[in-house]
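Participant: Numbering that gives the first Met the number 0 applies: residue 0 is where the sequence shown begins, and numbers increase by one.
If you're looking for bench data, these hints aren't it; they were derived computationally from the structure. The C-beta atom is built at its ideal place from N, Cα and C for all residues, glycine as well. What you were told as hints is all true, and nothing was included just to trick you.
The calculated label-pair distances, taken between Cβ atoms and stated as ranges, are:
#1 Y125 x L94: 31 to 39 angstroms
#2 L55 x F155: 50 to 58 angstroms
#3 D217 x E248: 18 to 26 angstroms
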Amino acid sequence: MLRAIVEAAGKSTSSFTSEDVPHKQALQFVYPYGATLNVAKPATAILSTGSVAFPLNRPVCAVHKLQQDPKGGALAVVGSTAMFTDAYITKEDNLKIFEVLLTYLTTDSIKLNSIDAEDPEVETYYQVPDVTSLANSLKSCLQESDEVPQNVTQLFDPALFTMDTVLVPRALESWDSKVFPPNFREPGPPALELFDLDEQFSTSKSRLAQVTNKCTEDDLEYFVRECGDILAVSRKLPADKRTARMILEVIFNELVEFKKLNQEPEEGGTW
0 MLRAIVEAAG KSTSSFTSED VPHKQALQFV YPYGATLNVA KPATAILSTG
50 SVAFPLNRPV CAVHKLQQDP KGGALAVVGS TAMFTDAYIT KEDNLKIFEV
100 LLTYLTTDSI KLNSIDAEDP EVETYYQVPD VTSLANSLKS CLQESDEVPQ
150 NVTQLFDPAL FTMDTVLVPR ALESWDSKVF PPNFREPGPP ALELFDLDEQ
200 FSTSKSRLAQ VTNKCTEDDL EYFVRECGDI LAVSRKLPAD KRTARMILEV
250 IFNELVEFKK LNQEPEEGGT W
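Work out the full structure: start from the sequences and follow the hints.
Facilitator: Here it is, written out as structure tokens:
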């Protein structure tokens, strides 16, 4: 920022000397929706972005006046048209800068400092890529390669293919009994009636022996009926006559008929 612009805006103080630099920060202005300028001689940059904005120290306002030609005009270029609109002209020192530019264009009262005009503190213009396009296509950063050690044996990792017993204790602990045994679901009752296989497939003699061992003298009636069922004698009687007496009667008749078989009559005798 030129000293002449600062003095014209009324921001200079009596304490400024040639070694002081407050004139660079004397004016504070709002610069919305603007761009930086590329200023070439004979034009002079009078305002810059400063050291706290990005890009650093880039010109945003330049002026030029034809001094040799009395009919020549003056030109002022500002990179932001919104800087002097109603929304921003009252912000900071925008109004004072606007008045200084009008004074410079309409009168000859403002004389630029020759030292500042010849050697302005302006940074070089750097081309930047399309930030919006780059932001939409993010890429991962490249990782630097590790340094190769001088000792070749350090390149081998023996722990990759080793078999140790670190997990053996944990595997053995998993077989320990817990505090509460697991509760398994009990199977449901069978859909069919259960049968005593020993009773169904055992012989008649075995079944008679079982009934004999189970009964006493007081169970004579029951013993005869069970023996009749085992020997299939009860099937020869009606259901209402299957008593012990009738079963014994059938057995006796069978014995009598059995004794009559294969018997020849005695000589001179008849049955």
